[in-house]
Amino acid sequence: MNSELRQPDSVSSEQPKRKVKSGFDDPKLDPVWLYETLRKEINQEATYNLENDAKLRAVTQGTVNYEQFRQMVLGAHIRPLDKKDKIEGCQNGRRPHVVWNTVAAKGSSTDVSSKAKDSGSSSNDQANDGALANE
25 MNSELRQPDS
35 VSSEQPKRKV
45 KSGFDDPKLD
55 PVWLYETLRK
65 EINQEATYNL
75 ENDAKLRAVT
85 QGTVNYEQFR
95 QMVLGAHIRP
105 LDKKDKIEGC
115 QNGRRPHVVW
125 NTVAAKGSST
135 DVSSKAKDSG
145 SSSNDQANDG
155 ALANE
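Residue 25 is where the sequence shown starts when you use the working numbering, and the numbers rise one by one after that.
These aren't lab readings, by the way, just hints derived from the structure by calculation.
Any given hint could be a false lead.
[What the hints assert, rightly or not] Below, simulated DMTMM-like cross-link-like pairs (lysine to aspartate or glutamate); rule was C-alpha separation at most 20 Å, straight line:
{"#": "1", "residue 1": "K79", "residue 2": "E91"}
{"#": "2", "residue 1": "K64", "residue 2": "D54"}
{"#": "3", "residue 1": "K79", "residue 2": "E69"}
{"#": "4", "residue 1": "K64", "residue 2": "E75"}
[Claimed, not checked] Distance windows between CB atoms, simulated:
{"#": "5", "residue 1": "Q92", "residue 2": "D49", "range": "49 to 55 Å"}
{"#": "6", "residue 1": "G86", "residue 2": "T126", "range": "18 to 24 Å"}
{"#": "7", "residue 1": "Q95", "residue 2": "V122", "range": "24 to 30 Å"}
{"#": "8", "residue 1": "W57", "residue 2": "T126", "range": "40 to 46 Å"}
{"#": "9", "residue 1": "K79", "residue 2": "L53", "range": "35 to 41 Å"}
{"#": "10", "residue 1": "P104", "residue 2": "Y72", "range": "30 to 36 Å"}
{"#": "11", "residue 1": "V88", "residue 2": "D49", "range": "56 to 62 Å"}
{"#": "12", "residue 1": "L98", "residue 2": "I66", "range": "18 to 24 Å"}
{"#": "13", "residue 1": "V123", "residue 2": "D50", "range": "41 to 47 Å"}
{"#": "14", "residue 1": "A70", "residue 2": "K107", "range": "24 to 30 Å"}
{"#": "15", "residue 1": "G86", "residue 2": "P55", "range": "46 to 52 Å"}
{"#": "16", "residue 1": "N125", "residue 2": "P104", "range": "19 to 25 Å"}
These numbers come from a predicted model, not from an experiment.
No residue lacks a Cβ here, since even glycine has one placed at the ideal position from N, Cα and C.
Using the sequences plus the hints, can you model the full thing?
Here it is in structure tokens:
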């Protein structure tokens, strides 16, 4: 009779166990979760302190309007470059050719300077002459 009451091995009444990275059943005891949570909290605290210091600096410097105040707070994480900081791609102490302002690179700043060298007079003089002739 005991064999009749027994369920087959393929059907079990137990809940399937969930997979945990480190083998702990309680996710709050999982060291990976604890480490990630601690790292997030430390980063949030550092960000809060940076922004709070920027707010205090903005108030003591006497910013004129809210926009200046906001820009100081939003730029709190930016630090100036040191002399030992290098731009990636530098070889033998020479700077790589990098276009920092792509809008100006398409425009006429390089074209105007090359035309001024070729013609012998500056483009400003030519523009001023044309403006005077129109008046």
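Each hint tested on the structure:
{"no.": "1", "hint": "K79 / E91", "in the structure": "12 Å, holds"}
{"no.": "2", "hint": "K64 / D54", "in the structure": "16 Å, holds"}
{"no.": "3", "hint": "K79 / E69", "in the structure": "15 Å, holds"}
{"no.": "4", "hint": "K64 / E75", "in the structure": "17 Å, holds"}
{"no.": "5", "hint": "Q92 / D49: 49 to 55 Å", "in the structure": "53 Å, holds"}
{"no.": "6", "hint": "G86 / T126: 18 to 24 Å", "in the structure": "36 Å, violated"}
{"no.": "7", "hint": "Q95 / V122: 24 to 30 Å", "in the structure": "25 Å, holds"}
{"no.": "8", "hint": "W57 / T126: 40 to 46 Å", "in the structure": "43 Å, holds"}
{"no.": "9", "hint": "K79 / L53: 35 to 41 Å", "in the structure": "38 Å, holds"}
{"no.": "10", "hint": "P104 / Y72: 30 to 36 Å", "in the structure": "22 Å, violated"}
{"no.": "11", "hint": "V88 / D49: 56 to 62 Å", "in the structure": "58 Å, holds"}
{"no.": "12", "hint": "L98 / I66: 18 to 24 Å", "in the structure": "21 Å, holds"}
{"no.": "13", "hint": "V123 / D50: 41 to 47 Å", "in the structure": "54 Å, violated"}
{"no.": "14", "hint": "A70 / K107: 24 to 30 Å", "in the structure": "25 Å, holds"}
{"no.": "15", "hint": "G86 / P55: 46 to 52 Å", "in the structure": "49 Å, holds"}
{"no.": "16", "hint": "N125 / P104: 19 to 25 Å", "in the structure": "20 Å, holds"}
When each numbered hint is compared with the structure, violations occur for hints 6, 10, 13.
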